[in-house]
Amino acid sequence: MEYILYVFLFLTLYFQIFLLVSFFEKKKGVRKTEPSAITYLTTTIIVPCYNEESTVTRTVNSLLELEYPKDKLTIIIVDDGSTDTTWRVLQQYKDIPRVRLLQKNNEGSKFSALNFALQHVGTELVGVLDSDSWVKADALKNYMEFFDDESVMATIPSMVIAEPDSTLRHAQKAEYDIGLFARKSFAKLNAIYITPGPFSVFRKYVFDTLGPYQEAHHTEDAEIALRMQKHGYKIAYSEKSVVYTVGPKHLKPLIKQRVRWIYGFLRNMFDYRELLFKKKYRSLGLLVLPLGIFRIFITVVLFPLSMWLLFLPLWRWYEKLSLVGFNPTWSWNIDWFFVNVTQLQIFALIGVIFSIMTVWMGRELIGDRRKFTIDIFYMFFMYTFIAPLWLIKSSYNAVIARKENWR
Amino acid sequence: MNNDYKKYLIVLLITAGIFIAVFGLVSFINGKKLANIDDLQRKITADLIATETQFDLLKTAPCESLNNTILSRELGELGEKLDFAQENQGADDPDVEQLKKYYSLLQVKDYLLTEELSSKCKVTVDSILYFYSSDCTECTKQGYILTEFKKQYPDIRIYSFDTDLDFSVIDTFVSLYDFDEIYPTLIAGGDVYQELKTLEDLESMFPELVEHQKIKDRAEDGVLYLLDQESYADVKSEAVVFKGTKGNTYTYSITISDEIETVSLVFDEEDETFSLQE
Chain A
1 MEYILYVFLF LTLYFQIFLL VSFFEKKKGV RKTEPSAITY LTTTIIVPCY NEESTVTRTV
61 NSLLELEYPK DKLTIIIVDD GSTDTTWRVL QQYKDIPRVR LLQKNNEGSK FSALNFALQH
121 VGTELVGVLD SDSWVKADAL KNYMEFFDDE SVMATIPSMV IAEPDSTLRH AQKAEYDIGL
181 FARKSFAKLN AIYITPGPFS VFRKYVFDTL GPYQEAHHTE DAEIALRMQK HGYKIAYSEK
241 SVVYTVGPKH LKPLIKQRVR WIYGFLRNMF DYRELLFKKK YRSLGLLVLP LGIFRIFITV
301 VLFPLSMWLL FLPLWRWYEK LSLVGFNPTW SWNIDWFFVN VTQLQIFALI GVIFSIMTVW
361 MGRELIGDRR KFTIDIFYMF FMYTFIAPLW LIKSSYNAVI ARKENWR
Chain B
1 MNNDYKKYLI VLLITAGIFI AVFGLVSFIN GKKLANIDDL QRKITADLIA TETQFDLLKT
61 APCESLNNTI LSRELGELGE KLDFAQENQG ADDPDVEQLK KYYSLLQVKD YLLTEELSSK
121 CKVTVDSILY FYSSDCTECT KQGYILTEFK KQYPDIRIYS FDTDLDFSVI DTFVSLYDFD
181 EIYPTLIAGG DVYQELKTLE DLESMFPELV EHQKIKDRAE DGVLYLLDQE SYADVKSEAV
241 VFKGTKGNTY TYSITISDEI ETVSLVFDEE DETFSLQE
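Residue numbers (the numbering used here), protein chains in the order written: chain A, 1 to 407; chain B, 1 to 278.
These are computed hints drawn from the structure, not numbers from a lab. Computed from a predicted model, the values in this text were never measured in an experiment. We treat Cβ as the ideally placed atom computed from N, Cα and C, and that holds for glycine. Incorrect hints may appear among the rest.
Stated by the list, open to error - Within a straight-line C-alpha distance of at most 30 Å, the following computed BS3-like cross-link-like pairs (lysine-lysine) qualify:
| # | chain 1 | residue 1 | chain 2 | residue 2 |
| --- | --- | --- | --- | --- |
| 1 | A | Lys188 | A | Lys26 |
| 2 | B | Lys43 | B | Lys120 |
| 3 | A | Lys234 | B | Lys7 |
| 4 | A | Lys234 | B | Lys6 |
Claimed, not checked - In silico negatives: residues of chain B with every beta carbon more than 12 Å from chain A:
| # | residue |
| --- | --- |
| 5 | Val11 |
| 6 | Ala21 |
| 7 | Ser27 |
| 8 | Thr45 |
| 9 | Asp56 |
| 10 | Thr163 |
| 11 | Gln194 |
| 12 | Pro207 |
| 13 | Val223 |
| 14 | Thr249 |
| 15 | Ser253 |
| 16 | Glu261 |
| 17 | Leu276 |
Could you put together the complete structure from these sequences and hints?
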């Protein structure tokens, strides 16, 4: 049992170091585009909304404020059969020529709203912005540097949790910042396997050649990325393009969201299992996807374990202090007898340092100056006590659903 | 593609390196620890012989020459290491168990020696006998409290015995006091206490010890106060010796360039400050 754990630890560490090495790897032939030489491609941004009366205004306004030539940007807002006042709220934009308002009946999944809008798109680029997110003004402009490379078929942004106002949102902030680090590493490896709903922009060519969005177990944003990877389409990451999103505030919606993501990821991975362990797909097939699946499960073990190993002594210490008070005696001579370490404790420490470091690196990417915040602690808490819930539930669902399909 | 494989290999080497470093470090520390346990065993054995000798000496030697020979201080250090070894290697570890037996024996001897000494030389020695068992939850807490008590009042002698240890000496010792098997059990001044005793409880059991320590601590504060005075600015702390106290007056002798000066300080209970007595 212990040896299995060490094998897991080895794989996890290997993956982390692999990402770290990739992160710092220099990419050959990266050109810097002069600001004056930017070619602004004609772009359409689709905003699908379903009962988003309170947030959609912020989303659309951020698009209207984008630093982008007005004649080259179209915004299509699709009201996907909202039952609240979303459609009424949207009427404030009806006189703006570059905004198109569309309305359709709800069919239970976002992909249909996106495909509905795609029929109205005639521009070179087409993007999506979920109606709970909003962009920084230079986000789209920064993409052009990447689309300058003709082989780049899509570009994804830096996703940041905006103004966290609850413990869970703080935890997600640190988590998303680690995500930035991973995203950068994946980009270097040409192994991005998700084009998230908040502000992924594609060449229209992608949908013209590969077909429209699919239902894809309610994770159309993962499926389209995998489909692109399968066909060798390049996905770039523009770290300077920041998009803000909010994330679920309370426990139940958070778990629901994660179950949907992980369930979708696992089911899509099953559908695209041909990508796994194929030389042709290089790091994506050999490492990133297999270890991505592995990582989902190992976090259930590793996070609680490191919490246990590092916080149990702290707890004991606290218990002692509460009995006898704080009377430290310091000595510079370390008596090795009293140093008690196990391999696992050191690995737990390495893991924690790694997590903090990757948060730091993620924040460095987007120029966030507050590097070490309490968020990180909350994130550990979330992954120790809450993540196992959504992991178990989504894995269970994935297995059950697969059986049904086989019959 | 070749570059890919090179990278996979380099990362593999780094990861393996970290693994080797971690396992190496741990085995280094454990090695040190084993050596330390051997050392502990030798020390305890030597101390056992020493107590034997002291018993013999006690029969003939005058009281004054014996005051500082008792093991107590060393006992404390040995006990601490033993506790730690037990916590990390487990009480079932044969090495640890053997050590604990030796240690218990040593404690019993030290206790008997102290008793003998106090009756012969008419000195009072404050001691606590502490009996614990591994399946008692309060015992861990009692252990913490006793350790802290010893730290605050170094003159107390605490002897701790693991009643789960299959050792006839302890069984005999327990039967001497004839108490129920409820733990933690403390025996102090002939009384048996079978419940968790807090620091305050312990302090109230030994009023003289507490008072004595208070004076000692205050006397040390007085030295610091003296050294702070302008007229004694050049005096080193070793040159100040506490002579005694009478009420709130603390008397010191200060050696200044071969001359001895006697100074008295008055302690104000309300302000908790010292002042020089004219």
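query = Hints broken by the structure, by number, lowest first?
reply = Hints 5, 6, 7 contradicted; others consistent.
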